[in-house]
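Given the structure of chain A, go ahead and fit chain B onto it with the hints provided.
Number of protein chains: 2
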Amino acid sequence: MLSRREVLAGMAAAALFPHATGESRMDQRISVVTLGVRSLEAARRFYGDGLGWKAAFQNQEISFFQCGGMILALFPRDGLAEDMMADPATFGRAAISLGYNVREKNEVDPLLRRAVAAGAKILKPGRDASWGGYSGYFADPDGYAWEVAWNPQWRLAADGNIYVH
Amino acid sequence: MLSRREVLAGMAAAALFPHATGESRMDQRISVVTLGVRSLEAARRFYGDGLGWKAAFQNQEISFFQCGGMILALFPRDGLAEDMMADPATFGRAAISLGYNVREKNEVDPLLRRAVAAGAKILKPGRDASWGGYSGYFADPDGYAWEVAWNPQWRLAADGNIYVH
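For the record, the sequence lines run as chains A and B. For what it's worth, the working numbering labels the leading residue of the first sequence as 1, then goes sequentially. For what it's worth, the working numbering labels the leading residue of the second sequence as 1, then goes sequentially.
Heads up, some of the hints might be wrong.
As the list claims (entries may be wrong) - Straight-line C-alpha distance at most 20 angstroms; calculated SDA-like pairs for lysine to any residue:
#  : chain 1 : residue 1 : chain 2 : residue 2
1  : B       : Lys-121   : B       : Trp-53
2  : B       : Lys-105   : A       : Met-26
3  : A       : Lys-54    : B       : His-165
4  : B       : Lys-124   : A       : Ala-89
5  : B       : Lys-121   : A       : Arg-25
6  : A       : Lys-124   : B       : Ala-89
7  : A       : Lys-54    : B       : Arg-25
8  : B       : Lys-121   : A       : Glu-82
9  : A       : Lys-121   : B       : Phe-91
10 : B       : Lys-105   : A       : Arg-25
11 : B       : Lys-54    : A       : Asp-27
12 : A       : Lys-124   : B       : Ser-24
13 : A       : Lys-54    : B       : Gln-28
14 : A       : Lys-124   : B       : Glu-82
15 : B       : Lys-124   : A       : Met-26
16 : A       : Lys-54    : B       : Tyr-163
17 : A       : Lys-105   : B       : Asp-27
18 : B       : Lys-124   : A       : Asp-87
19 : A       : Lys-121   : B       : Asp-83
20 : B       : Lys-121   : A       : Met-26
21 : A       : Lys-124   : B       : Asp-78
22 : B       : Lys-124   : A       : Asp-78
23 : A       : Lys-124   : B       : Asp-83
24 : B       : Lys-105   : A       : Asp-27
25 : B       : Lys-54    : B       : Asp-159
26 : A       : Lys-105   : B       : Met-26
27 : B       : Lys-121   : A       : Asp-83
28 : B       : Lys-121   : B       : Gly-92
29 : A       : Lys-105   : B       : Asp-83
30 : B       : Lys-121   : B       : Ala-139
31 : A       : Lys-121   : B       : Asp-87
32 : B       : Lys-121   : A       : Asp-87
33 : A       : Lys-54    : B       : Val-164
34 : A       : Lys-54    : B       : Arg-155
35 : B       : Lys-124   : A       : Pro-76
36 : A       : Lys-124   : B       : Ala-81
37 : A       : Lys-121   : B       : Met-85
38 : A       : Lys-54    : B       : Met-26
39 : B       : Lys-54    : A       : Tyr-163
40 : A       : Lys-124   : B       : Thr-90
Please keep in mind that the hints were generated in silico from the structure rather than gathered at the bench.
Just chain A, same shape as in the assembly (with noise of 0.2 angstroms):
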């Protein structure tokens, strides 16, 4: 049984070295969503020329977008493979989806053709979603998919910051 004062001795050993107590936070975020890709300068044409976005730093290996709190990287993809210790060959379709919500259902259509535009594929066309929306997938050179949806049941913030409620 421990004494009242080595609880107090421990808790101010937890606040002081949290990691000591072996409780080690993960917050809820993602700091990065990097993508492996087959073509660097594919893939920046694409987010670049194509729909218009500008790199917050890039160099031969890399580039970065500020994405509201958080970045997107393009990486090819044999970099990644050895940054993360994977072999590229096990590398495959992704079964993941980007989403990129819009304020108003009939912006969804429009961003679909820019998409196509730049070089995107359609996966899916603009239609009426089974959970109230309508949404509508791209898929970028890499094959990486987009959904552009329209969700009135989210918040959309003045920033782009989106919430569940």
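Just chain B now, with coordinates in the frame of chain A:
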């Protein structure tokens, strides 16, 4: 040649109906990252019980986690395939990493250990990176790669938002 009146009418129409001009703007943001998972139960155990994340909404089909100003969704792979009109048999290992940046170098290893305790596999132990920081990778139960990184060149704000500059 357009008259001044026609030009002004066109400008007014473009302001009122931006889509009519064909210029549809896609801001730099990602509203949602949806991970297609083999087992919704297992994925919920990992992110929920394991990492301590709380769903803002969930039902039998999907979980949504509010992550700063964006949303992480867990959704069964087959449902995602159907929604994006993809053949789930074409899915493979994603050439994508999700980054979680921390404030201090010494936060990386404890977080990797916490992920392992939650059921993750280490892809790469924490180590000094060529770009001046320190990072390691873990894979979630579906194999999605998370990089836990300390990057002293980026600004990690109090609210968890991260900025290249």
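Now for the hints, and whether the structure bears them out:
A hinted pair counts as satisfied when its Cα atoms are at most 20 angstroms apart, and Lys-121(B) with Trp-53(B) qualifies at roughly 19 angstroms. Between Lys-105(B) and Met-26(A) the alpha-carbon distance is near 14 angstroms, which keeps this suggested pair within the 20 angstroms criterion. With a C-alpha separation of about 13 angstroms, the suggested pair Lys-54(A) and His-165(B) falls inside the 20 angstroms cut-off, and the hint holds. A threshold of 20 angstroms between alpha carbons decides the hint, and for Lys-124(B) with Ala-89(A) the separation of about 18 angstroms falls inside it, so the pair holds.
Of the supplied pair hints, the one linking Lys-121(B) and Arg-25(A) holds, its CA atoms being roughly 18 angstroms apart against a limit of 20 angstroms. The straight-line distance between the Cα atoms of Lys-124(A) and Ala-89(B) is roughly 18 angstroms, inside the 20 angstroms bound, and the hint therefore holds. For the given pair, Lys-54(A) sits about 13 angstroms from Arg-25(B) by alpha-carbon distance, which is consistent with the 20 angstroms threshold. Distance restraint check for Lys-121(B) and Glu-82(A): the Cα-Cα separation of roughly 17 angstroms lies within the 20 angstroms cut-off, and the hinted pair is therefore satisfied.
A hinted pair counts as satisfied when its Cα atoms are at most 20 angstroms apart, and Lys-121(A) with Phe-91(B) qualifies at roughly 17 angstroms. A threshold of 20 angstroms between alpha carbons decides the hint, and for Lys-105(B) with Arg-25(A) the separation of about 14 angstroms falls inside it, so the pair holds. The straight-line distance between the Cα atoms of Lys-54(B) and Asp-27(A) is roughly 10 angstroms, inside the 20 angstroms bound, and the hint therefore holds. Restraint check: the Cα-Cα separation between Lys-124(A) and Ser-24(B) comes to about 19 angstroms, which is no more than 20 angstroms; the hinted pair holds.
For the given pair, Lys-54(A) sits about 8 angstroms from Gln-28(B) by alpha-carbon distance, which is consistent with the 20 angstroms threshold. Among the hinted pairs, Lys-124(A) with Glu-82(B) is consistent with the structure: their alpha-carbon atoms are about 10 angstroms apart, no more than 20 angstroms. Pair hint Lys-124(B) plus Met-26(A) holds up; C-alpha atoms about 18 angstroms apart against a cutoff of 20 angstroms. Between Lys-54(A) and Tyr-163(B), the direct Cα distance comes to roughly 14 angstroms. Compliance with the 20 angstroms bound is thereby established for this hinted pair.
Proximity of Lys-105(A) to Asp-27(B) is assessed by CA-CA distance (about 16 angstroms); at most 20 angstroms being required, the pair is judged to hold. Under the criterion of a C-alpha separation no larger than 20 angstroms, the hint pairing Lys-124(B) with Asp-87(A) is consistent with the structure, at around 13 angstroms. For the suggested pair Lys-121(A) and Asp-83(B), the alpha carbons sit about 16 angstroms apart, so the restraint of at most 20 angstroms is met. A hinted pair counts as satisfied when its Cα atoms are at most 20 angstroms apart, and Lys-121(B) with Met-26(A) qualifies at roughly 16 angstroms.
Our distance criterion of 20 angstroms between C-alpha atoms is met by Lys-124(A) and Asp-78(B), whose separation comes to about 16 angstroms. Annotation: proposed proximity of Lys-124(B) to Asp-78(A) holds, straight-line Cα distance about 16 angstroms (limit 20 angstroms). Restraint check for Lys-124(A) and Asp-83(B): the C-alpha separation of about 8 angstroms stays at or below 20 angstroms, so the hint holds. At most 20 angstroms may separate the alpha-carbon atoms for a hinted pair to count; Lys-105(B) and Asp-27(A) meet this at roughly 16 angstroms.
Among the hinted pairs, Lys-54(B) with Asp-159(B) is consistent with the structure: their alpha-carbon atoms are about 17 angstroms apart, no more than 20 angstroms. Proposed proximity of Lys-105(A) and Met-26(B) is supported: the alpha carbons are some 14 angstroms apart, at most 20 angstroms. For the hint pairing Lys-121(B) with Asp-83(A), the CA-to-CA distance comes to about 16 angstroms; that is within 20 angstroms, so the pair holds. Restraint check for Lys-121(B) and Gly-92(B): satisfied, since their Cα atoms lie roughly 18 angstroms apart, inside the 20 angstroms limit.
Among the hinted pairs, Lys-105(A) with Asp-83(B) is consistent with the structure: their alpha-carbon atoms are about 18 angstroms apart, no more than 20 angstroms. As the CA atoms of Lys-121(B) and Ala-139(B) are separated by approximately 5 angstroms, the hinted pair is consistent with the 20 angstroms bound. The straight-line distance between the Cα atoms of Lys-121(A) and Asp-87(B) is roughly 16 angstroms, inside the 20 angstroms bound, and the hint therefore holds. For the hint pairing Lys-121(B) with Asp-87(A), the CA-to-CA distance comes to about 16 angstroms; that is within 20 angstroms, so the pair holds.
Of the pairs offered as hints, the one joining Lys-54(A) and Val-164(B) holds, with about 12 angstroms between alpha carbons and a cut-off of 20 angstroms not exceeded. Only pairs whose Cα atoms come within 20 angstroms are accepted, and Lys-54(A) paired with Arg-155(B) is accepted, the gap being roughly 19 angstroms. At most 20 angstroms may separate the alpha-carbon atoms for a hinted pair to count; Lys-124(B) and Pro-76(A) meet this at roughly 18 angstroms. With a C-alpha separation of about 11 angstroms, the suggested pair Lys-124(A) and Ala-81(B) falls inside the 20 angstroms cut-off, and the hint holds.
A hinted pair counts as satisfied when its Cα atoms are at most 20 angstroms apart, and Lys-121(A) with Met-85(B) qualifies at roughly 12 angstroms. Distance hint between Lys-54(A) and Met-26(B) is fulfilled; the C-alpha atoms sit about 12 angstroms from each other, no more than 20 angstroms. Distance restraint check for Lys-54(B) and Tyr-163(A): the Cα-Cα separation of roughly 14 angstroms lies within the 20 angstroms cut-off, and the hinted pair is therefore satisfied. Distance hint between Lys-124(A) and Thr-90(B) is fulfilled; the C-alpha atoms sit about 16 angstroms from each other, no more than 20 angstroms.
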